[in-house]
Structures are given as C-alpha cells and as structure tokens.
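Peer 1: For reference, the chains in residue letters:
4 protein chains.
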Amino acid sequence: MLSRDIFENISPLDHRYSLREDEFAQYSRYLSEKAKIKYQAAVEAALVKALAKTGICSNEIAQEVEAAAQEVTPEEVYEEEKKTRHDIRALVNVIQRRVSPEARPYVHFTATSYDIVDTANSLRYKEVTEELVIPTLKKLEKILMEIALREKETVQIGRTHGQHAVPITFGFAIAEYVSRLGTRIKAIEASSRQLKGKIAGAVGAYNASHLFFEDPEAFETEVLKGLGLEAGTHSTQIVEPEYITDFVHSLISCFGVIASFSDDMRHLQRSEIGEVGEYFAKEQVGSSTMPHKRNPINYENIKSLWKEFMPRMVTVYQDQLSEHQRDLTNSASGRFIPEIIAGLLSAVNRLIRVCEKLVVDRENLKKNFEQNKEMIVAEPLYILLASYGHPDAHEAVRRLTLEVEKTGQSLRELIQVKEELKPYLEQFTERQKELLVNPEKYIGIADKKAEKVVEYWKEELGI
Amino acid sequence: MLSRDIFENISPLDHRYSLREDEFAQYSRYLSEKAKIKYQAAVEAALVKALAKTGICSNEIAQEVEAAAQEVTPEEVYEEEKKTRHDIRALVNVIQRRVSPEARPYVHFTATSYDIVDTANSLRYKEVTEELVIPTLKKLEKILMEIALREKETVQIGRTHGQHAVPITFGFAIAEYVSRLGTRIKAIEASSRQLKGKIAGAVGAYNASHLFFEDPEAFETEVLKGLGLEAGTHSTQIVEPEYITDFVHSLISCFGVIASFSDDMRHLQRSEIGEVGEYFAKEQVGSSTMPHKRNPINYENIKSLWKEFMPRMVTVYQDQLSEHQRDLTNSASGRFIPEIIAGLLSAVNRLIRVCEKLVVDRENLKKNFEQNKEMIVAEPLYILLASYGHPDAHEAVRRLTLEVEKTGQSLRELIQVKEELKPYLEQFTERQKELLVNPEKYIGIADKKAEKVVEYWKEELGI
Amino acid sequence: MLSRDIFENISPLDHRYSLREDEFAQYSRYLSEKAKIKYQAAVEAALVKALAKTGICSNEIAQEVEAAAQEVTPEEVYEEEKKTRHDIRALVNVIQRRVSPEARPYVHFTATSYDIVDTANSLRYKEVTEELVIPTLKKLEKILMEIALREKETVQIGRTHGQHAVPITFGFAIAEYVSRLGTRIKAIEASSRQLKGKIAGAVGAYNASHLFFEDPEAFETEVLKGLGLEAGTHSTQIVEPEYITDFVHSLISCFGVIASFSDDMRHLQRSEIGEVGEYFAKEQVGSSTMPHKRNPINYENIKSLWKEFMPRMVTVYQDQLSEHQRDLTNSASGRFIPEIIAGLLSAVNRLIRVCEKLVVDRENLKKNFEQNKEMIVAEPLYILLASYGHPDAHEAVRRLTLEVEKTGQSLRELIQVKEELKPYLEQFTERQKELLVNPEKYIGIADKKAEKVVEYWKEELGI
Amino acid sequence: MLSRDIFENISPLDHRYSLREDEFAQYSRYLSEKAKIKYQAAVEAALVKALAKTGICSNEIAQEVEAAAQEVTPEEVYEEEKKTRHDIRALVNVIQRRVSPEARPYVHFTATSYDIVDTANSLRYKEVTEELVIPTLKKLEKILMEIALREKETVQIGRTHGQHAVPITFGFAIAEYVSRLGTRIKAIEASSRQLKGKIAGAVGAYNASHLFFEDPEAFETEVLKGLGLEAGTHSTQIVEPEYITDFVHSLISCFGVIASFSDDMRHLQRSEIGEVGEYFAKEQVGSSTMPHKRNPINYENIKSLWKEFMPRMVTVYQDQLSEHQRDLTNSASGRFIPEIIAGLLSAVNRLIRVCEKLVVDRENLKKNFEQNKEMIVAEPLYILLASYGHPDAHEAVRRLTLEVEKTGQSLRELIQVKEELKPYLEQFTERQKELLVNPEKYIGIADKKAEKVVEYWKEELGI
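Protein chains in written order, with the numbering used here: chain X, 1 to 463; chain S, 1 to 463; chain C, 1 to 463; chain B, 1 to 463.
Chain X extracted, bound-state conformation (with noise of 0.2 Å):
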C-alpha cells in the first residue's frame, strides 16, 4: 500500500477537508483513484457476465472474471502502469493475470478503453448521486424547512438593495431556500439519472463487436441493463460530453444557491444586524487577537468553496470540444470532476451543521423592524391612496417621505395634516387604515407562503 502523511498532500481536499474521518470515507468510496478502479473494474465484470448470456463464453468464466475483478487493487493496476504507460490495459491485465488462460480472452473482449472509463464513471457520479448527494441535500432541505415552519411568523425587515424595504417574515426568508435548493434538488436528479454508458468500441460504430454480434448495440444494452444504464443516441470513442455538462451544471448551479443562502447568513450575522448567529463552542476562538470576535466562518467557508468550485465549469464546457472521434485533451480534466462533487458534499455537511444550531436572535429583528417602521407606511400609503383615485399619489408619498427626514415627524402623523390626502384617507378601509399604525402586519401573506412552501416541496421531494 502506498501510503503517505496527509499533510504533504497538495489538495486541500486531501488534508484540511478530509478530517472529518466518517465523511471523508463516504466520499472516498465514490470518489478516490480507488474508487475509480472499484467502478472500472465492475464494468468489465458486467461485459463479461453479458457475454455469458449470449452464449460467448461460460457462466463459469463469467464467475472467474467477476471474483478476479473484485480484487483488484489501484496498487497492482499502477504497477502493471509502469510498464504499459496505458491505466486500462493495465487493469485489464491484473484481471487476466488472476484468471484461467480459458477466461483470458473474455477479458475486455471487443471493448475499448473508454468503453470501461465512461461507463465506470457515468455509474459512480450515477450512485454517487443517490446515495450521498441527493440523500446529503435533503438533509439540508429538511432543516431549512423546520426553521422555515419555525419562524413563518417571526416579522423580518425585508431587504433589497440592502436598505429596509417591506416586512416579510424570517420563515419566508428561509423558504425561498427551500424552493431555489428544491429546484437544484430535481436537477440533480434528473440530470444524474441521464448518465448514459457505452460499449460501442473505438470509434463508436462497434467494429469489434460487429465481428461477433449481427445487432452490436443489443449487446451494448445487455451489458449497460447489468449496471443500470443506458446508451445515448450515439456515441463515438466517448460518450456524448453534454450528459456530463448538464450533470455538473446542476451541481454547479446548486452550490451557487448555499453560497447565496450563505452570503445572506453572513451579512445577517454583521454586528449592526445580528439577526441570526451560529452557536459557539466553548473554547472556539473567534480570532487570534481579537478574542471578543463571533466569526461567521462556516458560511465564509461555504461562499469561498463557491468561488473555488463554480469556475471550474468552464473546464467543463471547454471538455465538450473532442477532435473527430475524440482527442484525449479531455483526460486529465476529466479526472478532476469528482473534486467537484467532493467539494459541494462537503460545504452542504457543514452547511448542515451549522444550520442545525442556527439561532435567530428576535431582539435584534425587532430592533431593526423599528428602525423604519415608520417608513415602512410608505409602500401600502402609496398604492392605497392610488386605488382611491390619487392621481400622482407616487410622487407625493416621496415627498411626504423627504419631510418626513427633515422634520422628523411620523409618516403617520404627517397624513393627518395633509388637507389633500384626506379624501382620499376616509375611503380606506379599517384593515387598510390599521396597517398604517402596525407596519408589522404589513407582511402580505409571507407567512402562508412559507408554510406553502415547504409543503409544495415535501411533497414533490418525498421529504
């Protein structure tokens, strides 16, 4: 075993994002070299068992291949590397040194290299995806709708531009995760399962299997029906390059939703806000110098792995050019994909945690409710004194608004004096004059929606 201190690897993925011993396994087990040659390994055992059916070779040999495959090791393929310069052909004879010389033949037969490589990799992103990914974003799902039925009530200061605007409530804040990972979530989804396999040959128009096979691509089916997959409409040394694009789009465009949902946490959290906190460990140090200080370093830590991860689509898109049946410049990049899905997996575990002890601090969001609650009025002023008839009521509630700065008087107060308001004032009805007075209802139905919501995506997620 080749073995090695973790703090001289290069990859922060390999030390400071590899501590968590349980998580790191479950990554490992999809996504290290090990793992590759794990999944490799079973699509040529899966070529084999299929020739078995069709009468090419024996169950028995189909056996043989499949118990030898299972033990290869990444140790012995890398040796045999050594002397073949060529990782599949290096595979393929560890398989055959461990079988019988009647076995040998069945070996790889007909198939290509990529052939073992697409496929391989199409069925990890494939499992994955369901077992860890999908499973890892519910979990975050989940949370995110407990706090959202939690707090659907809780008023909030709404915020665009970062200046106070109309109330909502922190439920609804919430919920709008919810839906935008819900969407992401689906994606995922849909876009893994579109993983197609291959097993057409060097060119993609099954030169050797046509040797042997009058319909190549039944056999492509057999052997793609074995580990659950399917083949695209056509294929050439590779398989098509946009299944995998829209695959890492939509883990791309998922990773761009927690670091939003992060950068809202985060500005949250800013010392004249303080509406929402991450619970602090005892002897947890928020600075080297500063010891007061509460850093909002997990969600720092999610946006930063955004910025990390999300350029490398480009990569990806640059991958969808291959010369002629395919030039092998898509190689090496390729095999830094799964660093993309190790890199959501572990931003969305520590989003996890952090969302589990998100504190919300309900002083704070009535302090900053208070701060323009008396501007608050502004909006529903407007478009109620519109509705009675008001023919430019726009323009006179922003100048109401700019008296209201440099007299300091209530906005409230203000249209009680206001002659020309007046007949306008009487026409509103008393749910419509109370809001004037408790901004905070002012809310519209934000708390019905958040609750909405998270039933909408319960039921569509299977949550």
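No wet-lab data here; the hints were simulated from the structure.
Mixed in with the good hints there might be a few duds.
Put simply, identical chains are the same to the list, so a pair is met inside one copy or across any two.
Derived lysine-lysine pairs resembling BS3-like cross-links, with alpha carbons at most 25 Å apart [to be verified]:
1) Lys-142 - Lys-448
2) Lys-186 - Lys-196
3) Lys-367 - Lys-406
4) Lys-225 - Lys-452
5) Lys-458 - Lys-138
6) Lys-458 - Lys-196
7) Lys-138 - Lys-441
8) Lys-357 - Lys-83
Here the structure of chain X is known, so what remains is to put chains S, C and B in place on it, guided by the hints.
Peer 2: Showing chains S, C and B alone in chain X's frame:
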C-alpha cells in the same frame, strides 16, 4: 429617434455581426432595448387586463392602457428616465401620461419594477427561443441530417488523438452532431419553457397586492396566464435565478456542440487532410498576400464566437447570489444576456450557410484511408486472435505492428508467415478473413447507425 | 452612412451605457469599428512612409497614400468587403482606388493582413490607455486621495468578517483604495507600453519583405518607430498573444479593485450601518413602489459590470492558443476586447460621479463605533497583559468577554475587580491605561498612514 | 502521523500526478499543508527575532522560540485546532507550549493571524518560484533553445488556418516558444518578487504594535527583512490581493504558452502530417484495442491540465473583493492556490521529458512541403509583380492559382506563357527568379531569426 452611424458602435454585435439586415432585424425584434421596452409594456398591459378580469377596474380602462402600452417608444421612456433615474418608473409615467385620469391609478397597480422586468424578460426569452432559436437550430439539424444520410456509406478513417484508428463513414461522423445537437435542442426547449414570471411585489410576499386581493397568488396566476407564463414556488423581488441559469446553460452547452463541429471541419480542411471544403465565392480573397489560400474562416469564426460567449456563463453563475430579498448587482450584467442569444444565433446562421455548401472530397477521403490501411487490420486481428484462444493477442499484434514499421511488409502478409498464428487463423470465418483483406469493410455498423440516429431525431424533434 | 436607431442595438454598451454623448464619443474615438479602420489606415500610411525613407518609393507617393488613408470611411471598406470577403484586402483596395497608378503597388507592400491588424490594435489600445484610461483612473484616484486626507482622523470601527474589530479612520479605509488603485494604474501603464507591433509578413519570417530588404527587421523597426511602437523578439502571422493578455489582465484586475470599493460602499450604505451615502437628485426615484428608498444603485451597477467583464479574461487566455503560425480562432473574440475597455471606462466614470458626491454620516459612524466600544478594549488588553507577563492572556480575555456578554458589565469595570489581573495592570503606562478608557484612541497609526499612502502615490503617479 | 493510502485521495494531484516520488517531494516541500505550517512557524520565529533586535525581548528568548518553531508538526497543530477551531491560534499555542513561561508572551506578540498567514504564503510562493518554478521553466527553455538551433535550417511549410502558407524552418517555429516562454519566465520572476508581507495587525492600522513601537512600520520592515520580503504601501487584515493576482496571472499565462506549444506538437503528430513524434517506450501501449497507435498523450495531458487550471484565475479575480478590512471568503479558495503551482510544475516537467526525446521526421517535413510547392510561389510572385508595376497583381495571381487548380499545370509553367506578365518578369533579378524555381529558399530570414531569438533569450535569462 436617436440614431447613430453603426460603425461608431462598440460591440461587434452592433456593427460587424449585424450587417445582414434581415438577420439583424430578427434578432433586434427580441433582443434590442426597443424589444425589451416593448415586452415590458406588454406586461404592464397584461396586468391591467387581469385587474379588469377580477373587477378592480373596467374593461374600458384595460383596453385604454393596453393601447397606450403598445404605443410607447424607447425614446420617450429614456427621456423620462432622465428625470426619474429609474427605468420602470419612467415607463409607467409614460404610459400614464397617455391614458385618462381614471385609468392612471391602475397602471402598474400593486406591482414592483421587477414584477415587470423579470416577467418581460422571461417572456421575450421564451418567445425568441420558440420563434427564432429553435427554428434556426432545427434548420441546421435538418441540413446535418441530410449530409449524414447522403454520406452514410462514404468510408472515412476514424481518428482518435488525431491518429488514424479504425474506419467509420463520413455520415456516421456527421450523425454524432445530429445526435448532440438534438439533445441540445431538447434542452433549450425544456429550459425556455421553464422560465417563470412573477407578480409578487417588492419582496415577493405580495405585500401590496394583498391589500386588495384575498388570494394574491391567484391574481398573479391570472396576469401570467395572459402571457403564457407561470410563477415558481417562491420569489423575492426577483424570480429565482436558477431558471435563467438553466436556460443560459442550455444555450452555452449548445454553443459548445457547434464549436466542436466547427473544430472538426476546420481540421478536416487542413492542407494535408482536405476531406471537406467550403465552396468559395469567385471573388473571395483567402489571404491578403497569399492568393492561393482557402481558409476555413467560417468555422474559425464560430469557434471564436464560442470562446467569446462561453465564459459569460460565469457571469450568470455569479448572478445566482443576490443578498436577502435581492441586491441589484445582477442588473447591468443581466442586460447582457440578449448578447449571448444573438451570439449563438449569429454562429448558427453562419454554420447553416456554410453547411449548405459543404463539399466532401472523396479522393482525399480515400487517399487518407489508404495511408494506414494495412495497420487498420491490427484491431480486428488482435480481437479475433484473442477470441480464438490466443493467450496474449494484444501484445502479439503490437509486436507485429512494430515489425511492419521496421520491415515495410504489410501486416496481412506478415501474419501468413508467422507459424505461431496459424492455429488461430485457420478458425477465422470467411467474413472475418475478408476483413483482413478489405479493411474498408471494417466499419462496424457505421452506415446503419447514421441512418438510425437521423431517424430517431427526426421523430423526436418533429423535423 | 449606415445609421440605426440606437435602441435597436443589442449591446447595452451601444444603447443604455452609451447615452452620455460626450463620454461615448470619447470611447467611440478609439473603440468603435470606425476607429479600428482609422488606425489600420494609419498603419498602412506608416508603412509607405517607411518605404519612402528607405528609398523604395518617392516621398510624393508616401504623401499621396497617407492622404488617401486618412480619407477612408468604414462604409467604403465594408462595401468593398462584400466582394473580397476579407477586411484588410478591402481596406487596401479602397486606398489603392484613391491613389495614382504609380502609387498603387506600394500600398500594403510586402505586408500581411495581421501586420496591419495587430499593429493597429496595439496602437489604439496604447493610445486609448494613455489618453483616456489613465487620465480617467487618475481623476478617480485624486478624488479618493482627497477623501482619504479629509477623513484621515474620522474614527470608524474596523470590520473583519462583517464584525466589529478594532478602530481605524475612514480616511485609512479609503487609503486602501488609493493604494490598490495606484498599483493598478502603474500596471496598466506598464502593460500598455509593452504592446507590440509587427511587420514580419504572413508567417513572421519576413518572407516577402526579405525579397526587397537585406535587413527586413530594420525595415519593421522603421515602420513601427513612426507609430511609437516596437516589435517583440518573435512573431508569427500575429504578435505574440502574451502582450495583450497582460494588458487585459491589468484592466480586469483594476476592475476588481473598483468592484471591491463599490462593495464596501454598498455595505456601508446598508440601512443598519448608514455610514456613507450618495447624494440624491431631487426627482430621482429609489424604487417604483417604495418611494422612501435610497438605493446604492451606482455601486451596484459597478459591481454588476465587473461580473459581466471579469469572466472575459477566460476568452483572452483561450486566445493564447493559436495553431502553428496562427489559426484564426482569435479573430471574432479579439474584436470584443474594446468592449472590456469601454466597460471599465463606463464603470470608472460612474464611480467618479458618485465619489464626487460621497457623503459621510458622522453620526452613524459614531453610533456604530459606540456599539461595541467596551469590547474593542479586549485586543489591547490581551496584548498588554501578555507583554507584562500574563502566562495565558488570550484565554483570560476571551473568558472575560464571555462574562461581559453574560453580565452586561463593561470590560473596563470587570478588569478592576479581577484580583488576578492586578499585578499586570499596575505596570501599564498612563497612555496604555488611557486606551482602556478611550478606545477611540486605539486607532494605531491609521491617521498618519492615510496621509503617508496619499503622499506616496501622489509622488509615484505624478498627480 | 496521519497517513493514508494515496489511492484513497480525491485529488489527482495527490494520487495519479504525484507518483514520481522525487518530483512530488519537491512540490510537497513548498505546496503541502506541512509546508504551509513550516513557513508559518518560520514567520513566527522571524517576528520574535525582530522583537529581540528592537530590545523587546532577549536574544535567548528569540532563539528559544525559533528552535521551538522549527520543531512544530502539523499533527500537533491540527490536534490543537480541534480545541481552538482556529488554525493560527493552534500554531501559537503549540509553539508556546514548547517554550519557557518567560518566552511565551513574545510568541505572536502584537500580530494578527493574517500577518502570519499572508506573509508565510508570500514567502513560500516566492521561494517555490525561485527554487523550483523558474529552474524548471529554464530547463524547458534550454531544451527548446537547443531544438531551435539544431533545426534552424530545417525547412517546414508554414501554416495559417491549418493551411499551407509560405515556408519557415522548424527551428523558427520552435523559436516562437523560446520567445514566448522567455517573456513568461521574466513575468513570473517579476511578479513573485513583488509578493508582499505584512505585520500590521488586525485591520492594518498597526493598532496593537503601536502600543509598543513609536514607528510600528519600522518594526514590520525589520520582521519582513529577516524573511527577504517587503510590505506594500497599505494593508488591511490582509495583504492587498493584487500582488497574488498578478502572480497567479503570470503562472496561468505561462500555462497558456505551453498549452499552445503542446497543441502545435499534437497536430504536427497527426497521421497525415507526422512531422514530429514522441519516442515510445518498448512496452508502451498506445491503445487498449488498437496496438498500432502512437498517441500524443503527453501533449494531450498538458493541454488538458491547462483546461483544468486556467479557469481557476476566475477564483483569484473573485478573491480581489473582500469586504471592509476583509471578509474571510478568500480563505478556503486561497488554500487551493498551491494546486495551480503544482499543476503547472507537473505539466512543465512532463513537457521536459517529452521534448528531450522530440523526434523530427525530415521525410514527412519534405513530403508536406512538396505538396503545395508550386502554389507557394504565389506570394512572392504577386509581390514582385506588384513591385515591378503590375497594377493589380494580387487579383492576377489569384486567377492564376484558380487556373493551376483547374488545369493541373504548375504556376511556374503558367507564368511563362502569359504574355501580359512578360514585361514584369523580365525585370526580376536572378535571386528573385530563383525563388520561383526553388520555393524552399523562400524562407525569409527564418534561419537567422531562430538563432537571434535564442541568443537574445540566453542573454536575457542568463541560461
């Protein structure tokens, strides 16, 4: 009218790439500033029509506002914006000025600017997709289908790593792009249909509309129905950014497909390969100093446009992050999205023109095929040897090819004299033996596959 | 003249962001298609002037060509290009048509298209930098310097992680940008001066010019000297791409600095912080439905433009790859570089306008500072305790701050009653003791540093 | 020691691309987590040494701390971080634990975490550049120089648009990369020397150090001098981001140059061109099913690595934006910068290996040159005709080449029979006439230029 010499424009989209007047008029109809304002006015009209439907105002008022909205010009709006410094307020003022005092209050009633902006953008992106992008892509797809069928039996050497591999047909090579473009057409259709509208007010909680409607979501649905749109499960001041992100991804990933195609054609046009060509106009100049040159300028242009527009996806991903109920840092950047659509259309239209006169040089196809004809046999030979029990067929054939290189003998001849191969060769069927003599038959099912791919996508796309 | 309603243009640079006519005329003078052709014609003229100098043609001919070159219009060139389908050939034909038969052969003599294209671009990017970009940036720099000096003693709470840290002055905060913008002005100057020209022919080997000149490099030097340019150590058909890559990097990294500044200002303008503001025009509308809002739209616009233009660096990096003596896949993409310059200029000019009326709210600065005044003491306290021998000062102070939070007592009071701290506190100097009482004095050398930074960059930039 | 099977790692940099143990050990020495902590400890030591120099503590204490700092292991630091949840505080604790109670207070005295982090990073990036990146690049440069000189007279057809243009020499083609790589080596040297340190405290205003030093900037200078670094004109909690941005740009733009070189070689290795080759190991496998293939896998790998790392510049540009005196959203992303350096080193080392055995195929060079030999004459012919007064030489030659294509006659023959050309041809000098017969002489000054470029860069780089 503010008019300007087009050569004083800065963007190539507004000078060089806008010279085909018919094409540019089509783009401009959806993608210009004029178009944007036209669509925004249409949303304002739809809003008042829904007000009339729910009995808030009369049908006469709705008709009056609609008529006024249709007459709005960008010049007026921009003139008004000089005062308001707010584009939608300017639009509203301009419409209000054109209607009776009775109608005025109902213009923009309960709406916030981004109810109009985002809904209008979704609408025009959806319409430009349906009416222009998809038809243009289908036109290209159809041409590719014709070439694929026409050339389905034209043998071509398959190439991987830029090296001769095993044979395909030129129609099969084109079928790759029929398939890849097919998936993109489907993706663009799907993502454009998902574009959402919203009439949910300043922070998405229906604060203003709830003053008048018990069920403000029903009112939103009514307005959007009039435009053929739906709302998402949640919105803030803006529509959730993921819908447009998915949409632009579908465009950019389609751009990647046509860039890959262009790269292929470009290389097939190399002096030493010369398998395809562009028909050259009689007076066209290839080079200012080398009059004999025939440059693949159209394919180069398309790849170059891809390089220009692909990275803009990064902008769209960045715009997923918007603080709280939105910050406005996606406003200027969002205004550049129409450029991406125009860039793609420009590239596709160019590709249509060049594919319409795509010339295949059968002589060069044959000449290139002949170059390594002998070596092509290596793959079937190795596979057949293996299938008939040779214990180390790959290695054996590799050594033979080295001998071929050294001695200049043909592989075909060489195998006849190798005693150790005899026991296996004797078992070959006639058809298998023939392949070693006529390697141009070693095309697998390339011909049938080309046909099948075309049929599938014809059906799928209704072409 | 091909003229068009500007609202039919697609690029925001050619409608919305081109409305200030003075500004746009400045940009257009260098960055439009018209400008490009003007500069290309100037290179053609310089070429013939160098021919005259070396005795190949007469001075009269050089003058004749120069005069003709100055009269060329884009309309003519584009009209001619319809025939030639080659832009530079079209330009050459148009010039030739304007001169005597004797002069004609000397137009474009021995040159290849990209001798003209690349040289002309280097020239105009160099000139727009010297004449427009640098002066505009220096204007902004000067305004920032004035604010830094004016506010050098205005105490502000320093913020890290969005949390109150220790005090600075507002002038010091602005001095950050004086310094960062200073380094970028230097970087842009340096990279623009490095832009190269070439007169080395179709593949860079002076094949054609060597027919006539023993030392064709000397001739190249002569032509370029007339334009204030130099050649690099090697060129192919094109100038080495790294010079323009460095140049665009310097622009993009400068854009990052002003985006960071805008982000800072935007956040300082948040409702809860309110430390800075933009002066608002009397009729300006903050929101179409919330008349009371004051949105930081200019800063938002600048950040948004950065999001639009920053990713375009990826295009420039891609254009570093050009096959052999060049492929043309950088042609269309290269035509968009002027947009980057226009985008930066547009953002900087906007920032100048908004910084000229930047308002500092001293009351809010004070209010925010007071909020955690007591806690600010934590840092100097910890450091002083440590310096006087406390074995575990950081931990001791961290615990004290937790006690402050719990009890509501001030840190100042608390330390007086902690017996274990006495031996250390007694050693504090008077000045050190004072800091614990007046934390606003704990600004380090923020005031002097602001001054020093301004002085340094004044000197360095010759402002 | 936390050790792990390397095949469980996720990043290819930590498994596949780390297999050459010597190379990886070199990278790891600067770029691993272990290295980072070693450099941070070195900065802590330098800090205390400067304290001793200014008389704040004794030399003995400084030596004690330095010794302790050198012994720190990552394991300890990470173990301690579990408690502190702050990496630098953990490092400080670990050092303090190793020293006497008297020395403890001076560890990290007046410093903030990022004084250590940023200074340590600048130091290690500077050192890895000087000690590893530049020497490695120079090694490659030297090999390219040798090839350029060796092949300076080897005639090759120059190619633009993938089309045969006019002749160069292969040495001249390589000289392109000598020159482009030369400018990048200079750029990397310059940008690495500009990397800055800082000892300016939590917000950059020297708040803490000013408690003890009248001139805290002088103290900062003292600390940094001990490390061979300088401070910028301003810092906040962090060093201004532009220095690292420039540094990474210089790396990425260098990566672009070697990717462009690899693309060229890759295409020259195409089956139809075959002008260069990689030497193949005897047992190396080109393809798992096509034993006869010789794939340019190294060049493909390098281009692919470029596609992976180039887009990461977007991360660095995003990290230019940091709110106020800094937010921490550049923390995780900043940890990935060493990967970019490792990626570049890995690509360059591979390129060195492949260039050391770069094989030129003179026969194919000749064969390809001959292909359009007749047509090459077109350029000098047109230029000479023009120079001797032909009024429309370009058009005349263009028509001739069409005739050549149609009739199969050589251009040389054709011009002899064209009466209208006679008056001009008669004026040709002998040397000019010879070029029409021996187009391989039409190489301009390619040979001399190759030499000159090599000489220039030898001198400039001190190779």
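Peer 1: None of the hints should be skipped; say for each whether it holds.
Peer 2: Against the structure, the hints:
1. Lys-142 - Lys-448: within (18 Å within a copy, 50 Å between copies)
2. Lys-186 - Lys-196: both (18 Å within a copy, 17 Å between copies)
3. Lys-367 - Lys-406: both (22 Å within a copy, 20 Å between copies)
4. Lys-225 - Lys-452: between (40 Å within a copy, 21 Å between copies)
5. Lys-458 - Lys-138: within (10 Å within a copy, 39 Å between copies)
6. Lys-458 - Lys-196: between (29 Å within a copy, 21 Å between copies)
7. Lys-138 - Lys-441: neither (33 Å within a copy, 51 Å between copies)
8. Lys-357 - Lys-83: Answer is between; shortest inter-copy Cα gap is 18 Å, intra-copy 54 Å.
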